[in-house]
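**Q** Read top to bottom, the protein sequences are chains A and B.
Taken in order, the first sequence gives residues 95 to 572; the numbers are from our numbering.
Taken in order, the second sequence gives residues 85 to 307; the numbers are from our numbering.
Hints listed in this document are in silico derivations from the structure and should not be mistaken for laboratory results.
For glycine and all other residues, C-beta sits at the position ideal for the given N, C-alpha and C.
Honestly, I wouldn't trust all of these hints.
Capping the alpha-carbon separation at 20 Å, the derived lysine to any residue pairs in SDA-like fashion look like this [what the hints assert, rightly or not]:
id, chain 1, residue 1, chain 2, residue 2
1, A, Lys446, B, Asp162
2, A, Lys106, B, Arg226
3, A, Lys99, B, Pro184
4, B, Lys206, A, Ile103
5, B, Lys206, A, Lys446
6, A, Lys448, B, Met163
7, B, Lys202, A, Met95
8, B, Lys204, A, Tyr96
9, B, Lys305, B, Ala111
10, B, Lys206, A, Ala101
11, B, Lys206, A, Met95
12, A, Lys446, B, Tyr168
13, A, Lys446, B, Lys216
14, B, Lys216, B, Ser232
15, A, Lys446, B, Asn199
16, A, Lys99, B, Asn199
Anything over 10 Å on all C-beta distances counts as not near chain A; from chain B, calculated [claimed, not checked]:
id, residue
17, Gly151
18, Asp197
19, Lys305
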Amino acid sequence: MYILKNAWISIKRNKGRNILIGIIIFIIAMASTITLAIKNTASDLIDSYMNAYNKEVTIGFNREDMMKDFNMGDVGGRDEIKEKFNNIATYSISDIESFADSKYVFSYYYTYSVGMNGSNIEKAEIEDDRGFGGRGEKFNNMENQSDFTLMGYSSLDAMSEFINGTYTMEDISDNAWNIAFDGNYVFINSELASYNNLKLNDKITLTSTDNQTFEYQIIGIFKQNEDDNQGMSMFSGSANTIITNSDNISKIVNDNVKGNLSPTFIINSYSDVSRLQDEFYEKGLDKNYILETNEEMATAAVSSVKNVNSFSTTFLVLTLIIGGVVLFVINMINIRERKYEIGVLRTIGVSKFKLTMQFVFELIIVALVALLIGAGIGGVTSKSISNSLLASEIENSNNQNEEINKNFGGHGPGENKLTMKGRGVPTVQAYSKINAVVDIVVIVELLGIGLLLVIVSSIASLISIQRFSPLTILKERS
Amino acid sequence: MEKKKDILLKVIKASYRYSDAEEGEYALKDVSFDFELGKIYAIKGRSGSGKTTLLSLISGLERATDGEIIFDGKNLKDMNLDKYRSQEIGIVFQSYNLLPYMTASENIILSMDINGDKSKNKEEKAIKLMEKVGLKESYASRKVLRLSGGEQQRVAIARSLSYNPKMIIADEPTGNLDKQTEKEIIEIFKKLAHEENKCVIIVTHSDNVSKLVDKVYDLDKVK
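Just chain B, with the same shape it has in the complex (with noise of 0.2 Å):
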């Protein structure tokens, strides 16, 4: 017997078009998948084929302007974005956008306090969570800058985790790192869906990452 599936996010037929495109120009049009708890999926596509459009859909950037997308039971229309935001999802760029006047604990610390952490050990948590990310302690008290672009983005997964989300989106984490980077990055991430049953979502252009994952949803396939 089948072994009945944890769906955390299912996307209905969710379609977007810009406010100021031509009748009938989609920059997604009709895409629909469902993405499970424990499993790590890469979204692919070419260039203008709506993987940031998808992405920012799901991550509740957006409005999908039709179609639905139901995260954890609930659609993402009835729910507060900024609050799904800050403590249902983890969200990780290619740019990692960490804020540069901050420290790397500072930034996790700030995405703790977004959550309405009340814990007074915040330091150690982020510590901590930077020691899982593969980071000493010793840069928590570094400016950003000061880091590498794989440390940043070890930074930026670190944030992700804060509050322990269901679900990690990120947009081509290792656009800006070299090919040894890229796979501990991907190590992280397939940790993170196999041993704490986190639903990891990639939107990437690499077959590399491709390989790596449990499920791609190719976007070129779905137009």
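Okay, chain A solo, but in the shape it has when bound (with noise of 0.2 Å):
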């Protein structure tokens, strides 16, 4: 007990040597505070964005592995190619259904389209003489024989569309996303509404390939945004896409008319693909479909987070090995300075442990007032520092809903999705601002680092302790 008496009354009279060691403590301690509190809240965003956004797993062809075997400069190895695509079993709704019963699935939703021909509208299409006016239109036209694609979306989740801004709602009524998905509604494209003059309300009629006929209500016109346009077309690409929900697809698609089927399955964690393509092979998925997820894109998405994360990491470890070498010459030359009090200490029976311990305890309470200091200031102050290196994050997580709600047309998920009956978008948590607060862990943390820059700096004293003689010392000072 005697020896934290006696580090307590060392500190108290030495001020000089505690304050200047307590100082480099406490700017260790604060720019460690800042650093850990911006790495966590960095990680906090990062888990909170990839939790928010959707893992996908798509069905894709595995292309590696089937051309792996054919020559492509032998005509024959193509028709070869050819015929193995074809043979390639398709897979139904009802499948669809079976794959997205799995633990590891946590839901799903698909865009069914088939080729459609106008009966009292036209394709939006302009031929030119220069010979590739129109090009864009049919290369863009999923059926090339056909007129328009119609497009069928299982559900708001699907509309990857307007969920990424591709396509934006230009016109839409009121009750439009309420009804959308149960009946012989559409949104068409904007050019294809000018072009044939057409207005919300009003009612088109499509003829599938085998001549059944359908009728359609307007009930939404959007547009392409110019950026995402290709081609030389007068038109976009969507221009003569028209979308409406799976379930009339599924009208239309029968043994003599085909449709295009492509789901999208909503995964708990990137880690269960695998397993989940074992399973989907089990419920009769062709091998030569493989599982393709969105990882790289959600990855992408959150690297300046990223970045700033390891940045954080890196003048941590920086600080923490400048200020722990600073710390150990300090204390080698504080042990120096203090030979006599070690020579006194030890010639009235002293021992080197309890030497050795009163100097560590020593170091531990200037550590402690520092950190606590250091933490809150460091504390209050990393809030803003955060808040300003973070801020094009805390920008995109405040606008990501409110610009896909405006994509949607000012009725989309945000305001509807309740009502959709899970047929929302699941929304991105929004940020007024980043909390990077000295919580627990922090604290946790922040005790650690002064726990080892202590020790470190102690085998300094605890080398020189063991070292010292104290009649060599008590001479030197006669």
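Got two chains here, each in a separate frame; can you build the complex from them with the hints?
**A** Right under this line is the structure:
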């Protein structure tokens, strides 16, 4: 107990030395608090974003595997590939439902499209004399033989073009999102609307390739954003795309009319993909298909936050190394200055262990005070620093839901999600500010850092005290 | 009939050589002395005669390379020397060796703490010890650096008495003091030996001190 008392007296009576050590630990603590707070906040932000970001799995051809045995230069080889592609077993909506019935799948949606011809509307197309007019429309039309692509979505989640901003709703009926998935309703491109002089609530008639006729009411007019427009066409790529719900496509598709089914499964974790693929194969998915994820895209979306995170880690490590070295050196000098004191205490019977403990206690007391002050000031400062460092991410997260809602014509998932009975788009957590707070995790980490620094810098006193002979010290003094 | 000697410390053919010393070179060689309770001794010798070496051996700051040192029937080789110094003997140095950032009484109380004294009135005990060596109560709260050499040496003696050891070892305790103070300090040691039955060993080169003690061991004659 006297060791603690002695340590306390020594701290009180040697203020200059201890204030210097305290200032260094304070700076280290403050820098560490800020970097830890930023690091933890950035990690939370990444986790939050990754959680909110749909972990999507789609079914694609295993091209690499299919092509490996074929020689593309050989005409016979090309025919063989074609035949192989044509023989791959397709999957139906009931297959998709069966695949989705898995512990790895959180939810699913799909798009279902089919080629249609117009009865009372004309395809948006202008042939020019240069020989490449209309190329865009033809290439973007799913069925080259048909005028239009009727694209059916199973839910709002499936409407990725609206979520990512490729399409924006220009005009929409008030109750459009309440009826869009339950009847013969469609959204058409604004260019197609202009071309055919169509407006909201007008009815269009389309004919399937087996000559069945279907009538639809227009409940929304969307436009394709120019940035996403491809090719040299007068019209955007989606000018002849008509959007409806997937049930309407099911009514058209039969043995003679083929639809293009494209499912997306939302999974809980990317690490489940390989197990999920095995499960799909067991449930009958052709082995020429493989599962593909959007992990790369999800990771890219948080790359800037990850940069901030790794910068924080580097800064923290550097702070600790530099701080540790400075403290070690100061302690070495300190011990040399206190050689006489060590000699006296050893002479009057203080053991090496107790003496070492006194020096360590002195450092711990100073370090604790400095850590608390550093953590306090660092905690206050870290909020504004991390908010400014992550400002763009804050703005992005803030605007994301608003943007999506705007793309859906202001009546999007934000307002109608609950009434859509599970057909909504998951919202991204919005941050009005980053809560870079000094929480219990930061405090524990900081205490760990403090302890580490005390141990590292105490090594100097530990070694010195073991080496010093009291008699030599006192002789030098005499 | 001769009174039976009450020997507290026996130095038996003690030798000491530094680890880097040349073959046959000793700082101290084959020294044998007896020290009794109730007597004051002086160890004399020229510079390099091994006075300080002998002091460091009997105070447990170093271990003898050869020979034995027996304290109160126990061989120092078998003892924890930290405990020996903090509980069995008191040491006084020429340069006082007080902790400069502490007050006079704090230096004495620290020694009590090291000894494991659990009493609550340590401050009171410290003041009594200071009065015993001729220091007023008002000196208790003074930082030692604000005391004169003689006063600091008295504090050092009071510190060495703080746990009532049987033996006091002093290394040139009057080396930095004037003649009058030297006399007063030696008187304190004599009192401790004769009135309190302690064994006091003073390492000195002063003839004045040698004249005032009960027995003188001359290291020059041993060599």
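**Q** Hints the structure violates: just list their numbers, smallest first.
**A** 5, 13, 18
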